[in-house]
Structure formats: structure tokens, C-alpha cells
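Residue numbers (this note's numbering), protein chains in the order written: chain Y, 44 to 423; chain W, 44 to 423.
Treat the hints with care, since some could be wrong.
Treat identical chains as interchangeable: a pair holds within one or across any two.
The calculated DSSO-like cross-link candidates involving lysine-lysine, where the alpha carbons are at most 30 angstroms apart (straight line), are [unchecked claim]:
1. 130 - 354
2. 131 - 333
3. 342 - 383
4. 130 - 383
5. 251 - 131
6. 251 - 182
7. 307 - 365
8. 123 - 236
9. 45 - 340
To be clear, the hints were calculated from the coordinates, so they are not data collected in a lab.
Spelled out, the chains give:
Protein chains: 2
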Amino acid sequence: MKIEVDRHLLLSQLSYISRAIPNKTPHPVLTGIKFVVTGEGLYLTGSDSDITINTFLPLEVEETQVINIEETGSIIIPGKYFIEIIKKLNGQTISISTFEGNYAMIKCGGSEYTLNGFDVNQYPNIELIKRDDAIQMEKQLLKTIIRQTVFSTANNENRPVLTGVNFRHDEDELICIATDSFRLSKKIVPLNKEHKPFNLVIPGRSLKDLSNILDDTADNVEIHLSSNHVLFQFGNISFQSRLLEGIYPETSEFVPTTVAIEIKADYQELYNAFDRASLIARDQFSNVVKLDIQPEKGKMLITANSPDVGKVEEAVNIDMLKGTELRIACSALFILDALKAINNPNSEVLIGFNGDMRPFILRDQNDETTIQLIVPVRME
Amino acid sequence: MKIEVDRHLLLSQLSYISRAIPNKTPHPVLTGIKFVVTGEGLYLTGSDSDITINTFLPLEVEETQVINIEETGSIIIPGKYFIEIIKKLNGQTISISTFEGNYAMIKCGGSEYTLNGFDVNQYPNIELIKRDDAIQMEKQLLKTIIRQTVFSTANNENRPVLTGVNFRHDEDELICIATDSFRLSKKIVPLNKEHKPFNLVIPGRSLKDLSNILDDTADNVEIHLSSNHVLFQFGNISFQSRLLEGIYPETSEFVPTTVAIEIKADYQELYNAFDRASLIARDQFSNVVKLDIQPEKGKMLITANSPDVGKVEEAVNIDMLKGTELRIACSALFILDALKAINNPNSEVLIGFNGDMRPFILRDQNDETTIQLIVPVRME
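Generate the whole structure from the sequences, applying the supplied hints.
So this is what it looks like as C-alpha cells:
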């Protein structure tokens, strides 16, 4: 293999691939990037065995030649070193060639690197599974689904299936749910009836990595579902993740459809008040604050108390839409996470309660598709 | 004590004071900020017992009232919490009052905090020592002295005096030296003969903290020297550091006054080449690279070899000013640190050698006041 390639275009491909390169792995070959040069261009692959990212750089981009191929071929080049080297080189074009099998030589201006690579046969054979019945979804919608759910996935592996987001399609809806059993995020988006029903769980970490790669353009993503994998295809990038095994728990009975008490408050005022209260709450077990809804004053008091540090009281203006006074305790961080998911500083937030021991829900008053549910903690 | 104070002005005072607040300390009271309100305004003090920072906020700034004093007094308020709270509050004015001795109440809009403080009598009595014969120095010159020397101080405490920068005044020069015994930085600036000679060592950490507080204005700093302390006074800020005890070693014999081999190279080309070579060198003991000066080619080759990763060769264009070929080995990181201290991308750098086992020196060709010396390592 011997090519000359535009350094900046190569760097942008590497910025995608780098998401899949593990820092530590029992399989050293996976710390490398797979280079395959054919007559069509350069294919790059990175994988940590859970996710696999593949990019393609054609010979020409916008009618300008960006790769000059002297010899086709393939090699595995150590990823971390290669990326740092390409970043720090100064020229516009770099030359990459292989010699004596597993060595890669990189030249640019007065710089010449020789890196110890791996034979391409040592790299696992990862099939990217495409289907004819792929789902088409707007990039920005997919990013929003991820942003509004993935933070509620479980961090610990006690119940592995909870570390993922459940995607369920039935009738004309796609329902996306994440829960760590202390809180739950639910997003509903329309999905054409023509697609077969499915019910699968995508690892939260895969979705976070995917979200970081999805740029802010308006293009579509193709979603290819197979029995053990999901492949997201956009532009010249393929992002494949394994699915989590196991049955996702039925959660619909936990999400209240009616509420006994409902208040409305300004997003930014609410966010700032909980953010400040959490300064004192954070030294307490799970950042607990107490909410005290006072209908006659049109206020919600947020209080926290840390014997070592001191105490705080924040008064938030509320519109009482329904119900009466209530005292309830919960994690300030869960509320802040839920508000970040709503992320609409110019809007007002609805909070619905069914008593001090039942889950309560937050949502943007202008968005019925997204619900953030939080389980309260027992009042002292 | 009871005051109302402009939040933004208070925050800017706190940003200075925070540099002195220790994260961990055997004296809990030092995690607090000392507030003293007199008829003139608000004095704030923070200290980790090595350095002490004091600021003063007068009643009026630019003819606008910024503090309203209802009651003078004093208290120690937990620093970390106080600063975060003031940052997160929304209003323009905050009220701070003390009650029941050691409690501080902070109010702003709908927010009310009570923090557990300390009695002001528990705070150590730290005298800020001013002298009539203070040295006047431009802020930017002081920042440059620190930037060009402090990185060469020793990190470990084997020889405590080497963790500081030596400031020595004799005749009409101030000589500033730092060395960890593997490299040495030397800066010479003019200083009026009228000042008495001195020879003292300021802790490197104190100088780093001071440098972060010195803004980019053209004002002067007053430097007050006493037997155990140095006090830097600028604007309404006093920054006092203890001095290091012990005799700073005599280093003049290690700094060559003549060189047998001298080359000149473009700053940026040199920096980039060592930066790239260090990628491969970093897995080796102390980032060793080899330099190979080839007069007949007008090149210096920089090479590094890591059995696990691979190897690199960088060719840098040089002007041979004096001498013949040379092969020498040294730490790439030391060279990068020295170049960062020179920090003149549009200039050329002179490097002078006296053989492969003798220290070599780098300097900006347009700056005779600063020398960066590096001890080579033995060639393999």
C-alpha cells in the first residue's frame, strides 16, 4: 500500500474513527486503525468490539483529487500515535506506505515516521449489516432522542439491560425509554406503520458516541436493524453497535397518566434555584432537597440543609394549575438533569405530582412528546 | 457585620483571594475567607500560611457606591462554598450579614443561604510587611521573569531551596535563576544601584500563583522585601509569600560564557520538529531524542526510537554559525519547555554547544537577557 492523501480530510475521518479506538483492550490489534486502499479510495475502520466505525474517503472530493494511489493494499496502524502524528504534521499532503509487511512509513516535509503496525489478517472480521428496510430519521431528531433519554440509563451493571435505551416500535410510534429505576426518561416520535414492529435495547455508551459524531446538518440517518446489531449510516460513515441482550422491563405502569397536583414555573428560574440549592445539598446523600409547594403564596420553596456547611432556601414563583400544598423530597441533581434534557430556557415547565411517595413528572409545557420522571425520596 | 455589596465587584475580589485558599489544610479556619468591614470598605484575606492574599474594596468605585454598610464587623466565611454561591446568584447586589456570632447569612432575590463560619479570632494573625525602600517593577516584566524561569524549579523536595527561584541583586542588575540540576533558566534585568544588595529564594508555587493574578495592564508592582517574606503590592491587592530558607547554590560556573559550536534555526520549525519527535520519545525514559548536527547539509536531524511504537526522524534547517558536526542526546520536553519560555515564533533561536557531555544553551537571537541551559544525557 502506498498513497498520498490530503492531511485535513484524513484528520476529519480520523476524528470519527477515534471514538471507537479503545484505550485499553485485551486485543492489542484493536488499538490500531484498519487502512484498506482500493481503486475507489481509502476505507478506515476502528472498533472496540462493541462499536465499530467505518469511513470512506473517495479519490475525489468536490472534483478535487484528494488521494493519489500508487499501490493498493492494507495495514493496521497504531491509532493513538497515528492520529497525534497527523495532527502535528505541517504539510497539506502526507504520504503513507507500508514496507516489510507490518511497518508503516509516514512522510511529510522534513518528517519521517516509521510505526510498528499489525498484519490486517489479525484484525477481527466485522461485518457491517445493512438491510433493505432501513428506517430513515432526521439527524437532529436522533440527536434529540439521545440527549433526552441517555442520561437516565443505569451506570452500574447490576441489570445490564438498564445500561441501554429501549427503542420500541408498534403501530405508528417509536417509543424510547431509559431508566435506572430512580428516574425515567421517555420520548415518543412518529414512525411509519410500514416498518415492522421491533423492541430492542441500544447500549447508552454507543448512543453517546454516536451523538458526538452526528453533526448539525439536516441530513437523514439510515438505521439498519438486525438481530444483534444496529447500524447507523450517514454520509460516508457507518456506525455499528451491538445490541444489549435481555428483555427490557415494562415501565408503562410507573408513568402516571394523570396528576393530582400540577404547577408551572419559568424554566430558567427553576434551573437556577435548583442549581444553587445543589451547592449545599451535594454533601448530603444523593443531593437531597425538599420542595414545599405553597399555593396561597404562589411559591415553591426549595430547601437543603448540611450540618457541616449550612442551609439554603430558594423561593421560586409558580402558577398553581391544579391541587393543593405538598411537601416532597428528591435529588436536586436528578431535577437538574431532567431540566437539561428539556433544555428550553424560554419556556415554562410543568411539574405533576401524585403525593409525596409517588413518582413525579416534568415536561416542557410546549412539548408533549417528552416526559422526565423522578422517584422522590422519603421525607425525614 | 451587615453589608450590601455589588456582586460582580465582590466576585472579582474573590477570584484573587481564591488562589490562596487551600483545598486541604490541617487548619480548617484557613479554608475560610476573612471578611473585615470598616468605615472605609471591605477587606478580604485568604491564606494557606505560605502565601497570603489581601484585597480591599472601597465604598465607591469610579464615583459609584458599591458597598452599603449597615454595620461594621468581621467573620470568617467558608471560602469554597461562598465563592460558588456568589457565582451562581443572579442579582446585582447581595446582602451579607452575621448573626449569633459565627453564622453568615447571604441574601439575593429569592435566595437565602446560611453558612457556618468561624470566629475571626481563630484566624492566624498574619502581618503584611511593607517597607519604605520597595522596588518598583513593571507588571509585565515581573510576569516575564516568572514565565521564563519558574518551570525550571525542582518539583521534588530533596533540596527544598531548588523549588524556588533565586533573585539576586548586586551592582545594577537583578539576576533570576531557577534550576532542578538537569536544566537552568537565567534572566537578567537592570535594577537601580540605589537598592541594597539582596539574595533570596521565592517559592516557585508562590510565583505561579502571583503570575496568575497579575493582569496585562502596564502598571507597576511594588516589591517589599523583609527577612522572611516578600510582599507584592499592586492596585488594591497585597500578595505576600514566605521565602525559602537555605543558601541557593552558586551556578555561574555551569553556565558557559563561550560555545564551541553554534547553530541558528527558525523558532517555529524547531518547536514543531521537537514537538513531533516527542510523540515517539515520550515512551522512553525522560523523552530522550538524539540531535545530529550536519554542517555540510545545513541540517539538524532529530531522531527518537521506541522499540514498541516505532521511530521518527525530523530534519530541521539550520545556519551553521560556528564549529563542526555534533551528536548529542537530551530530553525533548526540556527543549520544548525552553522554547516555550523563549516564546517568540517570529524569531530565530541560537543553540550553543561545548561537546556531547557539556550543558548546551538556547536563546532568542534578539534577547541577550535570557538563557535556557540543558544538561545532555549520555548517548547510548
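These are the hints, each one checked on the structure:
no., hint, in the structure
1, 130 - 354, "between (49 angstroms within a copy, 17 angstroms between copies)"
2, 131 - 333, "between (52 angstroms within a copy, 20 angstroms between copies)"
3, 342 - 383, "within (22 angstroms within a copy, 56 angstroms between copies)"
4, 130 - 383, "between (34 angstroms within a copy, 19 angstroms between copies)"
5, 251 - 131, "both (27 angstroms within a copy, 28 angstroms between copies)"
6, 251 - 182, "within (14 angstroms within a copy, 46 angstroms between copies)"
7, 307 - 365, "within (10 angstroms within a copy, 80 angstroms between copies)"
8, 123 - 236, "neither (44 angstroms within a copy, 56 angstroms between copies)"
9, 45 - 340, "between (75 angstroms within a copy, 28 angstroms between copies)"
Hint 8 alone, counting from the list given before, is not met by this structure.
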